[in-house]
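Colleague: Each chain, written out:
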Amino acid sequence: MKRFFAILLCKLLRRIGAKFGRGSSLPGQAALRLCPDILSRVTLPDTIIAVTGSNGKTSTVEMIAQVLSSCGKSFAYNKEGSNQIEGVTALILSHCSLRGKFKRDILLIESDERYARLTFRAFHPTHFVITNLYRDQLTRNGHPQWVFDAIRPAIPPEAQLILNADDPLVSLFGVGRDNTVFFGMERQSFSTEDCTAVYDDGKYCPLCGAPMLYDWRHFHHIGSYRCSRCDFHRPDPVCRITEAALSEGFLIIDGEDRIGLSFRSLYNAYNILACYTLCRRLGIEGSRIAAEISDYVLRSGRVVTFRLGDTEGMLLTSKHENSVSYDQSLFYIASQKESRAVVILVDAISRKYFTGDTSWLFDINFGLLNSPDTERIYLTGRYAYDLAVRFSYTDIDRSRLTVIPDIPEALDAIRGAGHRRLYAVSCFSDRDKLLSRVETT
Amino acid sequence: MEYRILHWYHDLLNLYGDYGNPAALVRGLARRGQPAVIDRLSFHDAPVLSSYDLVFLGSGTERGALAVLEDLRPQREHIRDALAQGVPFLATGNAFELFGRELILPDGSRREGLALFDFSVELTDRRTLCDQICRTALCEQPCVGFLNRASRILGVASPLFTVLHGVGNTEGEKGEGIREGSFYGTHLTGPCLIKNPHLADCFVALMTARREQACPPPEDALSGAPPLPEDDALLREYERRAYSVTLEALTRRFADEK
Ligand SMILES: [Zn+2]
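Heads up: the protein sequence lines correspond to chains A and B, in order.
According to our numbering, the first sequence is numbered sequentially starting from 1.
According to our numbering, the second sequence is numbered sequentially starting from 1.
Incorrect hints may appear among the rest.
[Unchecked claim] Simulated coverage check for chain B against chain A, where a stretch passes if three residues somewhere in it have a Cβ under 8 Å from a Cβ of chain A:
1) 19-27
2) 61-69
3) 124-136
4) 142-150
[Unchecked claim] Computed beta-carbon distance windows for the label pairs:
5) B/154 - A/297: 25 to 31 Å
6) A/417 - B/40: 53 to 59 Å
7) A/207 - B/232: 43 to 49 Å
8) B/229 - A/203: 31 to 37 Å
9) A/140 - B/158: 30 to 36 Å
10) B/255 - A/297: 56 to 62 Å
11) B/251 - A/179: 51 to 57 Å
No lab work stands behind these hints, which were simulated from the structure alone.
Yeah, the Cβ is synthetic: ideal placement off N, Cα and C, and Gly gets one too.
Bound conformation, chain A alone:
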C-alpha cells in the first residue's frame, strides 16, 4: 500500500512540477520519505545501464538515448540530469505502473559518481559505464582517488563493467575482474610522449605507487601507460578509435565505422566511443550506431555560437573547478589557426554551493593561449583579478590582457574593439551572464 502511494505521489508531484518548471528530484525525495525502500519494491527491467565518471556523463547518456530511440527500443532515462538518488527515484517511479512495474525494457541512468553507492544499494545495474576520473570540484567532491573509493562499492559484482582503458584510475576498476570490457583511442598524430598539462595525475601507478611509463598520451593522464614495477598497464580495448581526424571532423572506430563530429574535440570523441561501446554490448550493430550519432548535435550543448556587434563568437562551456575541461576548451581554441580574441568569465564558481576557492585556476594550462593568433584576452567576472594573477604566472605578455570584472562593461569593450572572432570560455553556472547580453546564432 505504501508503495502504491509513493508511486502515486511521485507521479502527481512530477506532473505539478512539470507545469511550474520545477526541479526533477523533488518528487523522488517525497516518495523516498514516504517509503524509504521504494526502489527495492519495484520490478525493474532486465537491462539497467548506469553511466558515471567526472566528465561527459550527460553527453554520453544523451547519445545512448539517441541510438536507443532510433533503434525503436523501449527505454527511459534521466533527461534532466538529476543524477542523485532522488532524481533516479523520480525517473523510475514516473515510469512505473501503480503496481510497481517499470514499463520500459531498458532503464538508462546517469549517476552522480559520489553517491552512486546509495543509488545502487536497492537495485543493481547490469551495465556500468565509467567515462573518466579527473580533478573535478575538489572543494565538494574531493580528489579522483577519493571518488574512486566512493564508486567502488557501487559496482555490483554481476554487472558488466565498460571502462575507459586510457584512464589509469578508471581501468583499475577492472583489475582482476571478469566481465569487464574497455574502450580506448589508439595513438594519433596529436598524441604526445610527455604530459603537456600543468600537473600529471598519471605520474605514479595507482596500484603500487611506482612511476608509470607512457608510450603516448592524448591529453593529461589519458593515454597508453604501464607501471615500471608491477603488472598494471593499459588493458586492450574491445572498441577503439583507430583514427581521430579532428580537423577534418570525423572519427573511425574499429577501422570501419565512420562518425562525423558536430563538435571537433577529443572530449566529444571519448563520449562517442563510450556510447558506441555500450550500444555494441546491447547487440546493436556498429554501422547502425555510427549512422545514428554521426554529426549528432548535443541537446545539452556545450557549444553556443553568437554575435556581439561585428564579432562572431563561440562559447565553449567548460566546468569551473575542472581543469581538464578548461584545458580541452583552450586546446580547441589554440588549434584554430585564425586570429581571435578570448574572453574568460569566472563569476560564481558554482550554482549549487558557495566557495571562494580559486586554486583550480592554477591547474589550468592557460599558457595554451600564448600564440600570435591570440589578439587579446579579456578576463571578467568577480574573479577577474584572480584570473589576472593566474595569467601573470604564464608566459603570456600582460599587455595582451584586459581585466574588467564588470561583465557588461567587458562585453562593451570587446564590441568596441571590433575583433572578427571571439572565443568565450565559461561554466554552466556563469554562461547566461554572457549569453543574455549577446545575440545567439
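Add chain B with the ligand to chain A, keeping to what the hints say.
Modeller: Okay, now just chain B with the ligand, sitting in the frame of chain A:
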C-alpha cells in the same frame, strides 16, 4: 648567491596548484632585488636540506601522503638538523600531518609519523571542506583560503592560525595548522601565498632576514637581481584586489550564515 627554494615531492603533493607557493616566493624575492631558483625534487632524491633558504611541501591524496611519509622516514635526522639550523619549512595540506607523532587510519591501524612535533592525526572517511578566514601573528591582515582534508589533528600546542570563520585542527577548536620554530604547517590548500600576498611577504622576509643575520648584505646586493616587469605595480594591485574580492565574498557569506 641566489636564493634556493626546495619544492619537495612536487610531482605527487600537488593537488591544488600548490606549485604557486614557491613561485610566489620567487616573485617576492625578485621584488626585494634577490634572484632565486626552485629545485623540484621527489622520491629517492635525498636533498641536502640545510642548503636551502626554504623547504616547501604541498597537499596530496591520503595514499600519496602516506607514500611520501615512507620516503621521508630515513631522512628524518636531516630534517631535524635543518630545522635546528632554522631553515624555514612550509607544509600545506596533509604534508604537515606527516611531521607529527602518529597517524591513525580510518580502519584503526596506526602509522608512526616523523615524530618531529608532538601532535597526532586521525584520518577520517569524511572530508572536511570549508572556506576559511583566519589570522596569524605573522602578519596584520587576515588570511583567506579553503580547507580540504580528511583528518582531525589533535594536540597541536602552537597553531599557525586562529580561525575567525571556518574550522580549526579539530572541530570546535580555533587553532589551525602549526608553528613550531621554523616549521609552518597549514591546511589552507593550494597557492595560499598567492591568494594572501601579505603572507607571502612574511615568508620572503623570513628568508632574507635569515641570510642577513648570517652575513650582512654587501653594498651591491642588488646586482644580479632579475629585472621586475615595468607594470609590477599593476600586478601588485591585481594581487591585492584578488585577495580583497575573496575576503569580501567570504565575509558576506559568513555574515549571511549567522
Ligand atoms: Zn604498479
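Colleague: Determine for every hint whether it applies to the structure shown.
Modeller: Taking the hints in turn, this is what the structure says about them:
1. Restraint check on the segment 19-27 of chain B versus chain A: 3 residues with Cβ-Cβ distances below 8 Å, three needed, restraint holds.
2. Judged by the Cβ-Cβ criterion of 8 Å, the segment 61-69 of chain B is covered by chain A as claimed, because 5 of its residues qualify and three suffice.
3. Counting residues of the segment 124-136 of chain B whose beta carbon lies closer than 8 Å to any beta carbon of chain A gives 3, which meets the minimum of three for the stated coverage.
4. Taking a C-beta to C-beta cut-off of 8 Å, the segment 142-150 of chain B contributes 5 residues in contact with chain A, enough for the three needed, and the coverage statement holds.
5. The hint said 25 to 31 Å for the Cβ distance between residue 154 of chain B and residue 297 of chain A, and at roughly 55 Å that hint is violated.
6. Between residue 417 of chain A and residue 40 of chain B, the C-beta spacing of about 40 Å breaks the proposed range 53 to 59 Å.
7. The beta-carbon spacing between residue 207 of chain A and residue 232 of chain B, approximately 47 Å, falls within the hinted interval of 43 to 49 Å.
8. Take residue 229 of chain B and residue 203 of chain A: their Cβ atoms lie about 32 Å apart, and the range 31 to 37 Å holds.
9. Distance hint for residue 140 of chain A and residue 158 of chain B: a CB-CB separation of about 32 Å, consistent with the stated range 30 to 36 Å.
10. About 45 Å separates the C-beta atoms of residue 255 of chain B and residue 297 of chain A, a value inconsistent with the hinted range of 56 to 62 Å.
11. Under the hint 51 to 57 Å, the C-beta atoms of residue 251 of chain B and residue 179 of chain A, about 53 Å apart, fit the expected range.
Hint check: violations occur at hints 5, 6, 10; the rest are consistent with the structure.
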